[in-house]
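There are 4 protein chains.
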Amino acid sequence: MAMTGVLRPGHVQIRVLDLDEGVRHYRDVMGMEETGRDEQGRVYLKCWDEIDHASVVLRQADRAGLDFIGFKVLNVKTLNQLEADLKEYGVKTERIPAREMLETGERVRFVVASGHTIELYAEKAPHGNGCGGVNPTPWSPQSERGIAPRRLDHALLYGPNIEEVRKLFVDVLGFTLVEHILTPDGKANQVIFLSCSIKSHDIAFGEFPEPGKLHHCSFLMDSWDHVLRAGDIMSMHKVPVDIGPTRHGVTRGCTIYAFDPSGNRFETFKEDRTPYPDHAPLTWTFDGLVGEGGLDYVQRKLHETFLTVVS
Amino acid sequence: MAMTGVLRPGHVQIRVLDLDEGVRHYRDVMGMEETGRDEQGRVYLKCWDEIDHASVVLRQADRAGLDFIGFKVLNVKTLNQLEADLKEYGVKTERIPAREMLETGERVRFVVASGHTIELYAEKAPHGNGCGGVNPTPWSPQSERGIAPRRLDHALLYGPNIEEVRKLFVDVLGFTLVEHILTPDGKANQVIFLSCSIKSHDIAFGEFPEPGKLHHCSFLMDSWDHVLRAGDIMSMHKVPVDIGPTRHGVTRGCTIYAFDPSGNRFETFKEDRTPYPDHAPLTWTFDGLVGEGGLDYVQRKLHETFLTVVS
Amino acid sequence: MAMTGVLRPGHVQIRVLDLDEGVRHYRDVMGMEETGRDEQGRVYLKCWDEIDHASVVLRQADRAGLDFIGFKVLNVKTLNQLEADLKEYGVKTERIPAREMLETGERVRFVVASGHTIELYAEKAPHGNGCGGVNPTPWSPQSERGIAPRRLDHALLYGPNIEEVRKLFVDVLGFTLVEHILTPDGKANQVIFLSCSIKSHDIAFGEFPEPGKLHHCSFLMDSWDHVLRAGDIMSMHKVPVDIGPTRHGVTRGCTIYAFDPSGNRFETFKEDRTPYPDHAPLTWTFDGLVGEGGLDYVQRKLHETFLTVVS
Amino acid sequence: MAMTGVLRPGHVQIRVLDLDEGVRHYRDVMGMEETGRDEQGRVYLKCWDEIDHASVVLRQADRAGLDFIGFKVLNVKTLNQLEADLKEYGVKTERIPAREMLETGERVRFVVASGHTIELYAEKAPHGNGCGGVNPTPWSPQSERGIAPRRLDHALLYGPNIEEVRKLFVDVLGFTLVEHILTPDGKANQVIFLSCSIKSHDIAFGEFPEPGKLHHCSFLMDSWDHVLRAGDIMSMHKVPVDIGPTRHGVTRGCTIYAFDPSGNRFETFKEDRTPYPDHAPLTWTFDGLVGEGGLDYVQRKLHETFLTVVS
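Residue numbers (the UniProt record's numbering), protein chains in the order written: chain A, 1 to 311; chain B, 1 to 311; chain C, 1 to 311; chain D, 1 to 311.
I should point out that these hints are in silico values taken from the structure, not numbers from a laboratory.
Just so we're clear, the structure is a prediction, and the values are computed from it rather than from any experiment.
Wrong hints could be hidden among the right ones.
Remember, identical chains collapse to one label, so a pair may be satisfied in a single copy or spanning two.
Think about it this way: if two alpha-carbon atoms lie no more than 25 Å apart in a straight line, the pair counts; the simulated SDA-like pairs of lysine to any residue are [to be verified]: (1) 238 - 13; (2) 167 - 211; (3) 238 - 177; (4) 187 - 18; (5) 301 - 132; (6) 167 - 4; (7) 187 - 131.
Same shape as in the complex, but just chain A (with noise of 0.2 Å):
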């Protein structure tokens, strides 16, 4: 088999402060779509190129931050065998029984050493994207509406012990490491990109003293003029921008860093690259990431928000 195991990132759930607010940001600014709430008050919404029932899950709470980040896998086979992996491993795994989250199956969950709560699942009822399956249009109007990424593309989560991460993702879930920065003193990871396909990362991790904090949702524009339209659109609605537009020289990706209303940093970026497990990884020094542009590229300059903000 050529894709198995862990395939993407499928959802990721973040507490806002005020709902309201966040569903305005996400499914107006952002432009994807409400696609459920549940019992508990979440709300569901999934970019318009995405085929499952939702990417993103907001949850309202007193403070900001992601509640975890859940993995499609293959199949319930797949599911299983990489539980009974962790275990071996010596993570300890809980199951979230089907339907927890709506039309998603069964979740395996898990904490890592940073603190980050991980899931793995593999069962979500497919929404679609709007293209139809037979003689299917390449876009719908949908496409358009708001920033309007094509899927969630990655995390980059922060907190201690990454280097544990890093095994558990590569031993474990099957991941390549595919570039890296290095510490200032070059002896250990100061962030790790990890794919489990061929996007230059599904995951990141960078090196935190506080566990499981999120330095940003990433979300997959089509082209660089796309970046700029979701800048223009993030002005409109005075969206508070972080960074950007720029090219990260990390990923070659280029970018806009900004912040929903509660404060949780998110992207819109355009890949640029297609590593693929046999390619050795990538280093970055520490001084690379600022004086050769691994931030940003064009103004090869350190942004402090970059090490210092988190939700």
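Since the structure of chain A is already known, use the hints to place chains B, C and D on it.
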């Protein structure tokens, strides 16, 4: 593991009627880098962003076409397993010794029911993409030489018995059927698009009476702007263009089809989908191939050459 | 003064066989804004970034084609001066009263040797582009409705005696010949491209036996990506496409030619030159129109309809 | 006549602290073509799509800045008329003899109230853009050398008394005020954007206590993609970047501001408007310059350097 088994089409060996002319096309017009010549007189070239030694091998012959297409697999263990699986499935395989192709390890070769020779291999020495491995640049001057595709993307092969081929690629090699065009009576497949990753196709097969035919080898462009630039450069070099620039309805990709000096069709292609193996395949009716823009989404017409001209 | 005299093509009155069908095309497919209807039943529309009240006026009639094209001039004084100049040159002019066309001042109308009716006018009430005049936004939601051209750009008109027309536009109206395509014998002009600004053409004329014919009205797109998006939308609405997407060698512009429901050709055009009146005109041989890609730079072929199909 | 009087900014003479370093920047990083050196040691360069001999003249000096900006006018008759008009308006003019600048005819020079030296000239020998005049190609290999702007686009100059300068450019030279940013008290202009064509600006002036200062010279890019490519190339050459990539609210243009090795700011600019002289000017409040994204539409913030750093 997430990306396992077959990773990607890694090399194609193309027959050209005149080697110098062929080299001028692939090196100077396409802008590929010549990375070697072997004792048999074959010329090796790579696209700028490919890491491995070569993706196109030119062999002078008295008729055009494709000698074989080779897929890189994850590692030697995978190669051995896939060979065993092929044999068990009833496929006769042959081992081509390491170094028969420059910088390339042992290859497992077999012929599929459409008459095409397929290879699997696990090792090809890295040549690099000119960007470096520490604090890499996003691109380098050679990224802009000639048409400058990013990589060999896929090939479309024409021959008989593609249903048998589909089964082998899906059941043995782990590919996913991403899209398929039905025959006029709707009872069989006219063209099948198979992926071993999250590309819209890593290989495609079209039903055709003559075995072993090449419809086109496809090269990945960064953007629709780069597809136009490719077309401009084709015109400057009087490369005969077949179709495009336009969008394919099938795969949503943007395209120009043109011919190398020997009459081998090639494509400059901009990808616009990210299918996953858990997504249902998209179906095109034969009428939809024409009237719904499957081939040429903008013009919604059949270019007759699509069904008839091969090498 | 720097921009004086004739400023730009400001309106075209297009004959459509069915008004509702025509409105649906220009309003819903093209995405123009309907800004009024008059007592004669004519429908007025404008492109999103145009300031003035209307640029396209649809009139129901029993044959398709162009009633007239009107150029906005700097002011009333200029209008009077140009009328005097035309009369002195021997051209018979007519004054159309103010308000005969909605929100439009007096028009000076005359017929040129190719049989086309041309108008000059100085006043058309501003309607605005939806972005505001104080701290304006760069675009607004209506910028993305339908194909959404930025403005009426130019028209290509076919008729006899274009050398006489050229002289009148250059000597009396102050246009510049920017490019010209020679007849097969090289002794006369087949098509002339005339600018009153720094656009590659504000109007063009092609030699043709029948007088007063419309080859196409052209609408300006922002980018090559928007030309593709226009083509996608044409396909979604089954608009018959004539040529493209491709680049014209002549003017370098990027193009799709297609037909409105009445058979009037229109163009979605991306400009790629900025000629000035001190630049020597560019010359295309008739053979070059075809073999050097004058019409279709990528394909370097003649689409027969270019020379024969008009309305 | 339609385009008359002043046509465009045709040349700028820029002072650089080290000539070789300056040439390396404008020739090798910007990708301009060196077209000559004169007896004074000045170096002449042109952008790829410019027809005339040179648009940038570098002069080594002990402080950076702009010696003068020269506007090309339609013809010698216009030059004489404009000189007469200037004199009648009370402006002292000086004739610089033909050939004092390579391939350039007589220049009329004068100093405006902001302390800047302005020139008008009618003649500069064509050098060509490398595409030919018969069946021209749309672009040529040199179009892609370095950052490769299409042309010198405009300059923003800082000095006192810009209201007087505005009157002179509008009343005598026939420019149009296209946009203007008000001072904090709203009673005067902080920055004025003046056009002699349908560009969003051919020249702009900002109120500043010191006379004769250069804010930036701007070079036209084809697309937002080319603005990013410019940024990548700046980074590769460690060019210090000031602002961007982003969109200006004012003019809607897309931009990167950066500095040449002598500290002269330059801009790589993508135009996004086509104003005409019959359109009302757009007004920006001083607060809007910041809070409504006048300077940086995406970030809606003031980059302090915009108001303070000049050469």
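Against the structure, the hints:
Within a single copy, residue 238 and residue 13 get their C-alpha atoms as close as 24 Å, which meets the 25 Å cut-off; across copies the closest is 41 Å, which misses it. In this homomeric assembly, residue 167 and residue 211 come within 25 Å of each other (Cα to Cα) only inside a single copy, at 17 Å, whereas the closest approach across copies is 48 Å. Within a single copy, residue 238 and residue 177 get their C-alpha atoms no closer than 36 Å, and across copies no closer than 29 Å, so neither meets the 25 Å cut-off. In this assembly of identical chains, residue 187 and residue 18 lie within 25 Å of each other by CA distance neither inside one copy nor across copies; the values are 42 Å within and 42 Å between.
Taking the shortest Cα distances, residue 301 and residue 132 sit within 25 Å of each other only across copies (20 Å), while inside one copy they are farther apart (45 Å). Taking the shortest alpha-carbon separations for residue 167 and residue 4, both the intra-copy value of 19 Å and the inter-copy value of 18 Å come in at or below 25 Å. In the homo-oligomer, the alpha carbons of residue 187 and residue 131 lie at most 25 Å apart only across protomers (23 Å), although the nearest pairing inside one protomer, at 49 Å, exceeds that limit.
Violation of the numbered hints given earlier is confined to hints 3 and 4; the remaining hints are satisfied by the structure.
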